[in-house]
Every structure is written in C-alpha cells, then in structure tokens.
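Chain A is fixed; fit chain B onto it per the hints.
As they're listed, the protein sequences go chains A and B. Every letter in the first sequence is one number past the one before it in the working numbering, and letter 242, counting from 1, is 242. Quick note, the working numbering runs 1000 ahead of the 1-based positions in the second sequence.
Derived from the structure by calculation, the hints contain no laboratory data.
Using C-beta positions, here's what the derived DEER-type ranges look like:
id: 1; chain 1: A; residue 1: Met104; chain 2: B; residue 2: Met1104; range: 36 to 42 Å
id: 2; chain 1: A; residue 1: Asn140; chain 2: B; residue 2: Glu1213; range: 25 to 31 Å
id: 3; chain 1: B; residue 1: Glu1033; chain 2: A; residue 2: Lys144; range: 35 to 41 Å
Glycine included, every Cβ here is placed at the ideal spot set by N, Cα and C.
There are 2 protein chains.
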Amino acid sequence: MQPINGIGVAKVVDSRHPDFKGGDLVWGRTGWEEYSLITRPDPLFKISNSDVPLSYYTGILGMPGLTAYAGFYEVCSPKEGECVFVSAASGAVGQLVGQFAKLMGCYVVGSAGSREKVDLLKNKMWFDDAFNYKEEPDLNAALKRYFPEGIDIYFENVGGKMLDAVLLNMRVHGRIAVCGMISQYNLDKPEGVSNLMSIVYKRVRIEGFIVFEFYHKYPKYLDMALAYMREGKIIYVEDIAESLENGPAALVGLFTGGNMGKQVVLVSHEGKKDSANQ
Amino acid sequence: MQPINGIGVAKVVDSRHPDFKGGDLVWGRTGWEEYSLITRPDPLFKISNSDVPLSYYTGILGMPGLTAYAGFYEVCSPKEGECVFVSAASGAVGQLVGQFAKLMGCYVVGSAGSREKVDLLKNKMWFDDAFNYKEEPDLNAALKRYFPEGIDIYFENVGGKMLDAVLLNMRVHGRIAVCGMISQYNLDKPEGVSNLMSIVYKRVRIEGFIVFEFYHKYPKYLDMALAYMREGKIIYVEDIAESLENGPAALVGLFTGGNMGKQVVLVSHEGKKDSANQ
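Just chain A, same shape as in the assembly (with noise of 0.2 Å):
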C-alpha cells in the first residue's frame, strides 16, 4: 500500500545519491511511516544546523517557514507601519507571519478558534491583538473594531465568511496573499464570497501562491531563521502527537482546530528509528 505522503524529519539509512550519505538527517518529502524508500530528492533539504530541535524542519525551519517567508516578504510586498491580519494565527504558518510582521515594524492582529490561542497569540507572540472568531457573529464588525483604518496586508489561510469580510475592509492597494482556504477543503461546494467588489474599488491584489516555487530561496530564508531563534524575537510553537498511530486523529484535528501551533506527528526519536513526520 502507497503510504501518505507528508513533509517529515528523517535520517539516512543508505543511499545511491551523491548527495545523501547514511547517517545524514534530512527534511522534505517522506512516507507516514517509520522507514522511507525516496527514490525521488524532490525535495530533500540535507539539515546541517542540529542544534535546535529537530522537528523544526517541519515547521519554522522547514516547509510552513518558508511558505510565511514566501508568502508575507515576497507575494504581500509589505512596509513598515502596515496593518496586518492574519487567519489562523496561531498554525504552523500564521504564527511565523504574525511574527515577521511585527519585527518588520507592522500592527498585527490574528484570528483563532479558541481562547487559548488567541492567549498564545497576545502574549507569547507578540501580535498587537487577537480575536477568536467563534465567538464573533459579525466578523465585518470584528475586523472594523481591530482595524479602524483598514487593513493593508491579509494573510489568507480560511477562506469563505472571513475572507468575504476582509474585503469590506481592505485600504486602497491592499494585498491578500492566499496560501490556503481550510474553511472550504471539506465542503461539497464551497461557500460563495460576494464582497469581490472591493477590489476594484481598493484597487486590491489577490495572489496565490505555493511554496516550492520558492524553494530556491530556502538557504537566505533558513538563515534568517535562525538568527532571529538565536536571538530570541521569534519563538515557535507546536503540537506533538507522539507515535504513528495518533496521526490519523492529529489529522483530523487540523479540520476541527485541536491543534495548538504546528501539528507534529511524533514517529521516533532521533537516535531510534530517527524520523518525524507532519
């Protein structure tokens, strides 16, 4: 049977490719399960930085990192002073980008699904504020309440109602990055948003994108990373589901929002059977 695939943490057992050695831990694409054949590299990152911890390389340091880095630096354009939202906050990637925007000098708020995280989110992560959207029944008034003036830059990862409402509040030449829409993965049709509108009104830009067009810029990013952990301005949070067996259910919980930060699924411990898949 054809395993699921998934971004993991692995360590070479052997290998053919120039590249690789036995012994080397690595990140990128592997099986949800304990050994991996990869007869493909595509991608495979070799980690050379092992001092920090290695489920990471799911996470801040690996594929969610550098899609925040894609997706805020590069596709949202942003400037210093700019008003951020970012939905799902508190995920693999909403945490970073909340993150980097503050440290580039922006107000950011995050939207959450629950009071923890929205706790999270106000004071561990610096984000200015945080709401949790359960518990708004207007999120047009919610956002208007957060940001009286507009928003400039929204990082989209929910898709449906909350976009519809963002765009009743973007500030001319808006930016909406769209690095995911989970609200609408699961529905038979996906709900209609109506505000489209606004952007030509705004003059708004919407603009998908996917990480591995931006692999190439996974060394500069890497870099950056880790400076800023050393550092301490960034802090990064996840949610380890120990052992294969539990994954399924972590799984799931992405969809219903059990997770608190990056889901990791736990396969072994470096040293055993040394890999750790998303």
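Below, chain B alone, put in the same frame as chain A:
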C-alpha cells in the same frame, strides 16, 4: 442642481487657468450639460490632434483607451502567445483590450451579449473567436471549448457567474485584471463567487485598478494609440446617442447591453456648442 459628471470632450469658452485658453479643445471631467463651469481641471487634457473624430477622446484616445492600456499592459503583464479572455468585449474598453492583445500575438476570445456584437469582434476586430454569453447555459463548458488549455489572462468587466467560470479555467500563474463588474452593480446583494480555491491551486493573481492612477502614462499611450489608428491596426466602434435628451436612455442601455461599442452622448457638434459627453 448639480449636473451628472462624466468624461467628456469640450471646447474652452473662457479660462483663467494658465494652462487653458478660449478655443482649446479638451477632454476630462465635465457635466452632462451644454456649458460646464470647471473649477478644478482634474483631469482635463488638452487635445492637440484633432484630425480624428473628437468623440474618440471619450473613447480610444481618452479614459477608456487608457483604461484598456493600463489594465492590459500594466496589470496583466502579457506575453506573446498567451491566451486572453475579455468579457464585455465589444464595449468601450473590451474592444481595445482584445485588439491590443492580438497586436501582441496573443490568442484572444471575447464574450458579448448579442450575435451582432460577436460578429463585430470576429469579423472587424480580429478576435480569434467570440461567443454570446446569453446563449451559453454553461459558461464553464463554453470557456473549456474556447480555451482547451486554459486562460492566461482574463480582463474582467462583468463579475459574478462569468468570474466563477473563468476561475475554473485559469492556467498556472494566470492573471485577472479587474476593471469592473457590471453584472453586479445593480444587485441588492452581489452574487457569491465560489471557485476562489483556484487562486491557490493555480497561483492566480487578481488585481483591481483604476485609470486615474495611470494618467501620467497618457501621453505615451496617446502616441501609441494614434500610431495604431493611423496604420489601420486598430479600429474603434462607437454608438452615438444624438442629443442630451437621449443621454439617460443611453446610460440605462449600458446595463442591458443596448449599445454597440462605446456609448457616447452627442451634446453638440464641434463649431456649435462643442461638447460631447460619455
């Protein structure tokens, strides 16, 4: 009573502004009236080339022309050979976008609301193909027929169901320049657009724009448009309503597709009262 504003062509009767003098022909923001008192020339462009129909300065040589130019060349970043779809394609702006795209070596299809308009696009304006959206019960199927490999550039004038169908047919890195959404202007609540996930899957960029942000490009555009016209490489079709009394009906006709080409209201002929308003 305040007159309705519009972009018109006029002759200056008298002026205290240093840039304008009696007898000058101008185009810019005027009123739906025989004589206008213009206190802010914002914008008001002097007409130097009067060897073309003066009404063209309400169209190809004026605001709609610059709109087509800015939206197509600046917002869509077109490349030779790309597949371009234009809605409201026989209108003031659409007919130019399609012809600019053809001149660039693109494959161009337009949609319009009558057989006569479709004929005009195919037989007079060099569009590769065109269809009557009112005869297409399934817009997605129609677009798949005309764009079997998908759409690189969509010049959006209508919104609603057409945008929803276009989103399903965009190619990777497609661009949508949002000029207007005429199908939505008079609805109590705009239609919902459901297929926005394509923005992520296909890394689509959607961008709204407004012509007044491109007025500094007008001299460059005018040179280009005059040259194309004189070489016979571009034609421009107008629908002229004679006399101000017919203006309101002509305006209403825009929303039912009554016009064929750029709708102009002729207030008076040059040499008489000297004013033609859009």
